[in-house]
Amino acid sequence: MANERDHLSTEIVNRGIQSSGPNAGSLTFSVRVRRRLPDFLQSVNLKYVKLGYRYLINHAIYLATIPVLVLVFSAEVGSLSREELWRKLWEDARYDLVTVVSFFAVFVFTVSAYFTSRPRSIYLLGFACYRPHDDLKVSNDEFIELARKTGKYDEASLEFQTKILQSSGLGDETYIPKAVMRQENCATMKEGRLEASTVIFGALDELFEKTRVRPKDVGVLVVNCSIFNPTPSLSAMVINHYKMRGNILSYNLGGMGCSAGIIAVDLARDMLQANPNNYAVVVSTEMVGYNWYPGQDRSMIMPNCFFRMGCSAVLLSNRRLDYPRAKYRLEHIVRTHKGADDRSFRCVYQEEDDQKFKGLKVSKQLMEIGGDALKTNITTLGPLVLPFSEQILFFGTLVWRHLFGKKNGSLPSLPPKPYIPDYKLAFEHFCVHAASKIVLDEIQRNLGLSDKNIEASRMALHRFGNTSSSSIWYELAYLEAKERVKRGDRVWQLAFGSGFKCNSLVWKSMRRVKKPSRNPWLDCIDRYPVTSFTGNG
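Under the numbering used here, the first residue of the sequence shown is numbered 519, with each subsequent residue one higher.
Don't take each hint at face value.
In silico DMTMM-like links for lysine to aspartate or glutamate, alpha-carbon gap of 20 Å or less [as the list claims (entries may be wrong)]:
1. K696 - D659
2. K1032 - D1044
3. K728 - D840
4. K856 - D815
5. K970 - E946
6. K942 - E908
7. K681 - D815
8. K1032 - E908
9. K1026 - D940
10. K970 - E1001
11. K1000 - D1041
12. K1004 - E849
13. K856 - D840
14. K879 - E677
15. K708 - E727
16. K1033 - E908
17. K655 - E602
What the hints contain is simulated information worked out from the structure, not anything from laboratory work.
Computed from a predicted structure; not experimentally measured.
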């Protein structure tokens, strides 16, 4: 029971003056109990930390040999003066020319082999986020009124949606397709294709215009959309529309949830490593209308309140000639999958309700399951990105708790509170998937982030809603519109979704990013941040 209480938070809500009943004319209050993210930094599993350190050591062993070689060489020549060193080299070279030539030949071969065999750097040349037309814009009040006019929801369902929207963190300028507010069925292939072509082509047109790359020059195409997967695929639709080349490597990822955007980047990276001197385009989106739920099940109505229209298109390159114009360099990708656990697998599940209406069912255990996946992901990522001082403090206190957490082998003692790594020392910018206000509140609290750190995520949620796998790119667009990204800055994109998955993407800025000429935030960036929306409340 104690562990269960630790996962709950309470809030007293003022419901105003009661108009009828025995308590008419008096103030009424209610206590709202919510399940929150577990305090995962208090219960870090050692095996995940060991996994991250093993990954780090496997890559760092080569660099560890360099100081040893330097020390050996310094000890060998340190006792010789400059004149003695040159005389010795000249005499050795004069009498043993074959050795000198062989040495230089081996040296050149080794250096050449190193530079040709190491993985090519992956550069981000540009990205675009689709902004729907203003006639698709809807406020929270308009959303409820449109839902009422459809006749699909009873008053209890409408009241429930109103309460969800009030605490969702969404503002009054999000976008929904017109089809969802009609009385007829909107989950048709025709409506799905129409929405897909609108958002995907809108994002790609902007991307190709900004980067000045022709569609025929793209060698790898990855499209991810979780719910809508027609035949031919969405990637085939893109190839047909832009008349891309016949040998393009195209992939269509479906059913992978809100973290699929990072999975798509990971796949594009692997394809670029196997195919040098190429461009890759990654398209991330979700079809809101095709998965709109018209029933009364509250656990399936919730996605209607949060998900909104959106799409991102990203251009990657492994061409060394693109180094001067690259905006970011890919540093790390860390993926975590909890699908082996039945609770995690079913916490976000597409199914039909009792009336055979299709929708996404969200488990009440989502916060707890998401916290466990997030814990695993960040403890694996930590050794790759945290300063060495932070790693020593964190790992030392963790080992201390495991070794000395009990007295006399049975009675628990009071071990010191584990050291919580300061991820603000590893990253300058944070782009956390804008799922909901409650999720962002809990992540901010657990990671010790400031309001400024989480600002991009909160503002993206407020302005565009939960745009699924593309939300982390709307957040990066916010940072660029504010001109906050400087040369050398590190950006952490963190997303989580059904399965259950939690994935991290780390970029390093190659230059100071000036305000783009095209950006979904340009006409409203001066109004943000919304001061009443920031903070942990």
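Status of the hints after comparison with the structure:
Annotation: proposed proximity of K696 to D659 holds, straight-line Cα distance about 16 Å (limit 20 Å). The hinted pair formed by K1032 and D1044 meets the criterion: a straight-line CA distance of about 16 Å does not exceed 20 Å. Only pairs whose Cα atoms come within 20 Å are accepted, and K728 paired with D840 is accepted, the gap being roughly 15 Å. A hinted pair counts as satisfied when its Cα atoms are at most 20 Å apart, and K856 with D815 does not qualify at roughly 26 Å.
Under the criterion of a C-alpha separation no larger than 20 Å, the hint pairing K970 with E946 is consistent with the structure, at around 10 Å. In summary, the hint linking K942 to E908 is supported, as the alpha carbons are separated by about 11 Å, within the 20 Å threshold. Distance hint between K681 and D815 is fulfilled; the C-alpha atoms sit about 15 Å from each other, no more than 20 Å. Among the hinted pairs, K1032 with E908 is inconsistent with the structure: their alpha-carbon atoms are about 32 Å apart, more than 20 Å.
Restraint check for K1026 and D940: satisfied, since their Cα atoms lie roughly 18 Å apart, inside the 20 Å limit. Taken as a hint, the K970 and E1001 pair is honoured in the structure, with Cα atoms around 14 Å apart against an allowance of 20 Å. Our distance criterion of 20 Å between C-alpha atoms is met by K1000 and D1041, whose separation comes to about 12 Å. Only pairs whose Cα atoms come within 20 Å are accepted, and K1004 paired with E849 is accepted, the gap being roughly 16 Å.
Proximity of K856 to D840 is assessed by CA-CA distance (about 37 Å); at most 20 Å being required, the pair is judged violated. Proximity of K879 to E677 is assessed by CA-CA distance (about 19 Å); at most 20 Å being required, the pair is judged to hold. Annotation: proposed proximity of K708 to E727 is violated, straight-line Cα distance about 28 Å (limit 20 Å). The straight-line distance between the Cα atoms of K1033 and E908 is roughly 34 Å, outside the 20 Å bound, and the hint therefore fails.
With a C-alpha separation of about 80 Å, the suggested pair K655 and E602 falls outside the 20 Å cut-off, and the hint is violated.
Going through the hint list in order, the structure does not satisfy hints 4, 8, 13, 15, 16 and 17.
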